[in-house]
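Just so we're aligned: the sequence shown equals residues 1 to 87 in full-length UniProt numbering.
If you're looking for bench data, these hints aren't it; they were derived computationally from the structure. Just so we're clear, the structure is a prediction, and the values are computed from it rather than from any experiment. Just so you know, not all the hints are guaranteed correct.
For each label pair, taking beta carbons as the anchor points, the in silico distance ranges come out as [said to hold, decoys possible]:
| no. | residue 1 | residue 2 | range |
| --- | --- | --- | --- |
| 1 | G51 | A25 | 34 to 42 Å |
| 2 | I61 | G84 | 34 to 42 Å |
| 3 | W3 | I77 | 21 to 29 Å |
| 4 | I65 | G2 | 17 to 25 Å |
| 5 | I52 | G84 | 25 to 33 Å |
The C-beta atom is built at its ideal place from N, Cα and C for all residues, glycine as well.
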Amino acid sequence: MGWIIALIVGGVAGWLASLVMNRDASMGIFWNIVVGCIGSVVGNLIANQFGIAGSVQEFSITGLIVAVVGAVVLLGIVNLVQRGRVR
Numbered sequence: 001m002g003w004i005i006a007l008i009v010g011g012v013a014g015w016l017a018s019l020v021m022n023r024d025a026s027m028g029i030f031w032n033i034v035v036g037c038i039g040s041v042v043g044n045l046i047a048n049q050f051g052i053a054g055s056v057q058e059f060s061i062t063g064l065i066v067a068v069v070g071a072v073v074l075l076g077i078v079n080l081v082q083r084g085r086v087r
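Hey, can you work out the whole structure from these sequences and the hints?
Written as structure tokens, this is what we have:
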């Protein structure tokens, strides 16, 4: 049951991050879930440095905020990589 909650919260976090980074039109639900789940790992790595604990497997506002921040950081890195690439 925990992984279902992680997918739902990851999808919401990825969607919110894509809205913040203005990439919502280019991302579908699958990529929102992927970015949200990977972003939650990145966010937990960042939050642990400041002593903040947030988990996506148990729904909490702190966990959602950490996941959104991590997803925004992940999308920022993706934007930098895509900007440097020759099209």
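Tested hints:
1. G51 / A25: 34 to 42 Å: holds (37 Å)
2. I61 / G84: 34 to 42 Å: Holds, at about 35 Å.
3. W3 / I77: 21 to 29 Å: 25 Å Cβ-Cβ, so the 21 to 29 Å window holds.
4. I65 / G2: 17 to 25 Å: holds (19 Å)
5. I52 / G84: 25 to 33 Å: Given range 25 to 33 Å: holds, Cβ gap about 31 Å.
Going down the numbered hints, you'll see the structure goes against none, and every one checks out.
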